[in-house]
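Chains as they are written, first to last, in our numbering: chain A, 1 to 382; chain B, 1 to 351; chain C, 1 to 335.
The hints are simulated quantities; they were obtained by calculation from the structure and are not laboratory data. Every value quoted in this text rests on a predicted model; they were computed, and no experiment measured them. Careful, some of the hints might be misleading.
[To be verified] Covered stretches of chain A (chain C as the covering partner; in silico rule of three or more C-beta atoms under 8 Å from a C-beta of chain C):
#: 1; region: 27-38
#: 2; region: 263-271
#: 3; region: 292-301
#: 4; region: 318-325
#: 5; region: 359-371
[Unchecked claim] EDC-like mimics (lysine to aspartate or glutamate), calculated; alpha carbons at most 20 Å apart, straight line:
#: 6; chain 1: B; residue 1: K277; chain 2: A; residue 2: E249
#: 7; chain 1: C; residue 1: K143; chain 2: A; residue 2: D248
#: 8; chain 1: B; residue 1: K342; chain 2: A; residue 2: E68
#: 9; chain 1: A; residue 1: K65; chain 2: B; residue 2: D333
#: 10; chain 1: B; residue 1: K324; chain 2: A; residue 2: E51
#: 11; chain 1: A; residue 1: K335; chain 2: B; residue 2: E264
#: 12; chain 1: B; residue 1: K277; chain 2: A; residue 2: D228
#: 13; chain 1: B; residue 1: K225; chain 2: A; residue 2: D248
Where a beta carbon is used, it is the ideal one built from N, C-alpha and C, also for glycine.
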Amino acid sequence: MNQNILTTSVDTSSENGIRTEEMLLNVGPQHPSTHGVFRLVVKIDGETIKEAIPVMGYLHRGTEKLAENLNYTQIIPYTDRMDYVSAMTNNYVLCHAVETMMGLEIPERAQFLRLIAMELNRVASHLVWWGTYLLDIGAMGPFLYAFRDREMILDLFNELCGARMTFNYMRIGGVKWDAPPGWVDKAKEFVQYMKKELNNYHQLVSGNEIFISRIKGIGKFDTSTALDYSLSGVMLRATGVKWDLRKDEPYCIYDRFDFDVPTATEGDCMARYQVRMAEIEQSLRILEQALEQFPSEGEVIGKVPRVIRPPAGETYVRIESPRGEIGCYIASQGKDKPWRLKFRRPSFTNLQILPTLLQGESLANMIVILGSIDIVLGEVDC
Amino acid sequence: MSEEKRRPTPEEKAQAAAEARAKAEALRKLREQEEQGAEAAPPAQEEAQAQAADSQEEVAPVAKPVSEMTPEEKAAAKKAAAAEAIAKAKAAKEAKESAQQGDGASSAEGADAEAKAKAAAAAKAKAAAAAAAKAKAEREAGGSPADGGDDDAKAKAAAAAKAKAAAAAAAKAKAAQATGDGAEAAETPKAPSKNQPYLDKYVLRITEKFGKEVLEASYINELAKEVPTLVIQNERWHEIAQFLKEDGQLAFEYLSDLHGVDYEDRMEVYYHLYSYKNRQSLAVKVKTSREQSSVPSVMDVWNGANWNERETFDLLGIHFPGHKDLRRILLPDDWVGYPLRKDYVQYDEEV
Amino acid sequence: MNALLQQAPSWGNTLWFILAAVILLAVLLGFVTYAIYFERKVIGWMQLRIGPNRVGPLGLLQTVADVTKLLLKEDTRPKHADKALFTLAPILAYAPAFAVLAVMPFTESIQFADLGIGLLYYIALSGITVLGVITAGWASNNKYSLIGGLRSAAQMISYEVPLVMSVVGVVLLTGSMNLREIVEAQRDVWNIVPQFIGFAVFIIAAQAELNRTPFDLPEAESELVAGYHVEYSGFRFAMFMLAEYVYMFGMGTLITILFLGGWLPIHPALGFIPGIVWFVLKFSLYIFLQFWIRATMPRLRVDQLMSFAWKVLLPIALFNILLTAVVVSYQNGMF
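Same shape as in the complex, but just chain A:
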């Protein structure tokens, strides 16, 4: 793949009479810190990166092409496999796009279930990020703490939809399964527990000198760069833009709940760390309210035609996934299968800035910066 990179000429200079060479280092596709099958070809001089060329596509499954031969409900499981760390938001964005086209009404209970599932998933996703990020930086403990707590969320999901990673939970017009009896109480318990744990996390990690010195001032960029590179989500908020689609273009029933949009102004890895941690807190806040107001009964799927045929035309919707703005474009010809389906994947778009950020950084910082972008390769390659 990409022969041209491998044959890139390497500079050989002979200043001071010593023959020095730049080295091409292949980071990935099998590397512990690329978070999947991502490959980064870096041209290094000593440990300083001169140039970084991302190579991807190892996980490309042609979801968009496959979708053209599937009806809308059949596409939902494919979305699970895109951002497999936060599959609920992917489920939702597809359903939301179709529902927007068809103008469907979603029952109250389904709305709540969707919102709770998405927010739980956001917490789970940020926990995975937190754990793996610290693992990248060399601390192993937090990884296990994070995964223990994420496990509880996965257990909740398991009860809800019978799957731990690839949920296939939402349907056009609602959700597939109602919450089993007692589930809401368990979720409530978890929220309280997680709040306590989050404090522990901060005590363990957020003040650690070594950790701070590793991430402070690293991978810095400003708002206009972020906008120029189409960055979204935490990458954008960490530069000081108060922008969250949950708040600014409310979907689902997010407008009913009271929560803040955490931002930071520095735009470095530290800022992104702080914003993500604050987001967990806000998600828990939303969850707390949503679980409190959860309707005691009702339908979980609305009145939906048996064969889903959105009207001819096109739509583009975007929602806030844990990684940023996830969008779904559907061009329909009025049939039960989409003419063209396209996902705007936040990991893919956010990753674009990586070569710029890596210029002149050291190898150790490369890992820190890559980690702070928070990518999921299933989504990058789609």
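Mind docking chains B and C on chain A? Use the hints.
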């Protein structure tokens, strides 16, 4: 590498792929003729992927539930029926217009495609006309309860439904294709969208600066949360993009999404822009031909277009002149063909 | 043992030497086996896991099984590796780590060679380990290995300096470089009290010398996959692993001797407990600290590591020497 020897060169691959495609094309044409001969008259473009043998069987089961549903008077079915009625009305209208439009469209698409397009347009017109003529009969067939056991009635209803579906699809495709925008705007007599003023503003700003001809169409896309949508002339797109970003009143500094769509008779690149300053969205569409698809790159305007344009090039084969590094991004460099094109034929079955 | 060393060489005492070395090696292997076991267990507990518990009762045979697996594994060598150096590197890394133990007094009686300059011997020999690491990095013909090897060279050489400087205070205080005399000098108060600054610097520098968290940059699995031993497998990898733990054993012993009063009891009243028990207790304390740090700390960056050695640790160590020198001079009535 021993693998290298075994592997054919890219040229061979391309040739093989081209042959396969030609074969598929021939098959498709043959099928088309059969279809037209049999007076089933589904529009040509729909048949591109459908299998000839399957199509008869496939349509029937789809139609059956419709005919079963009608007597039950399900709300959904009613809605669908209403939608179809509108579509039929449109189809009748289209039928009249299509002759002139066919000419206009084909001339725009270049000389070599002209004959083909004309033929297609003619076929479509025929289909639409047939559909319109049948519309009354259908409505009766649909309206009168098919009384369960009566096989005849059922079969009739099925046939009617089939024709109906075909007609509706044709009408819709047509609407979306040529004058779709205008027609859509015309047929929504309800209260103007809340975004209408914004659309007017954008249109005004652009036409003030670049003249009327750069805007091929402008409308509110009801299906996409009422986003103002502009269809912009391919040749002028780059400067307009620059203007959209830099003009103080528009200030679309954020490119949310960029991707291409293959409509079989043309390609479209869809841009979703956002202005954080004005908190406003805008969708832009730029059209290009399928044969020599090229849309000016906006990578120098929005850096975020970089990988998206590469992806679009990779999967749809749309070229973006002005892009600094237009390579394949998801597929290997030696991949043959563009998978998201509707006529894509996989070269290597093993993959 | 000392008497043995004084004798004229003969077949008889050579045999004794070999036997003694083998016994020490056996003890060492036992230590390494259970150090690894406890490391995994302790870190497991700290990370809310159980740790190894399948092989043997309480998982006690886990490491044995791991080592057996390593020994049975195919010995792979990259095609374009430098064969001679590739083979030499693990030995070069392991031999000095083992050799330094010769001068360690575990108790009054258990010691192999009572050198007058025992401390110097330790420092001189331990410096060789880095050669093994560089050689491994170079010979593997792997880019990650190379970076790991070079990182390691820079790191170990940099930290050798504060390490040596920090023990100068102890030497000044004792007036000897003989390890036995250093322990004996701590009868009243352990060196950790008067030499606390030196102790702190030593602990940190030792951590870096051992390539352990937070200074495990040469291996840095998240950056360099496994650093200098990426290409090693089977027995050769086991040698590196062994060298690391033996070196840890050596460092633990040295710290116990230099700062924690060796085999001396906490209070003379507790003198009835054998010296070796005291030694093992103090030694275990240090080893536990190692595990603890490993479970808690993230990793430093190369440039931070280097500037920390030269800009922070070295000045502190030098200040410690100055301070000690002044105090010692004062006590000797020079002022």
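Structure versus earlier hints, numbers of those that do not hold, lowest first: Going through the list in order, the structure violates hints 2, 3, 4 and 7 and respects the others.
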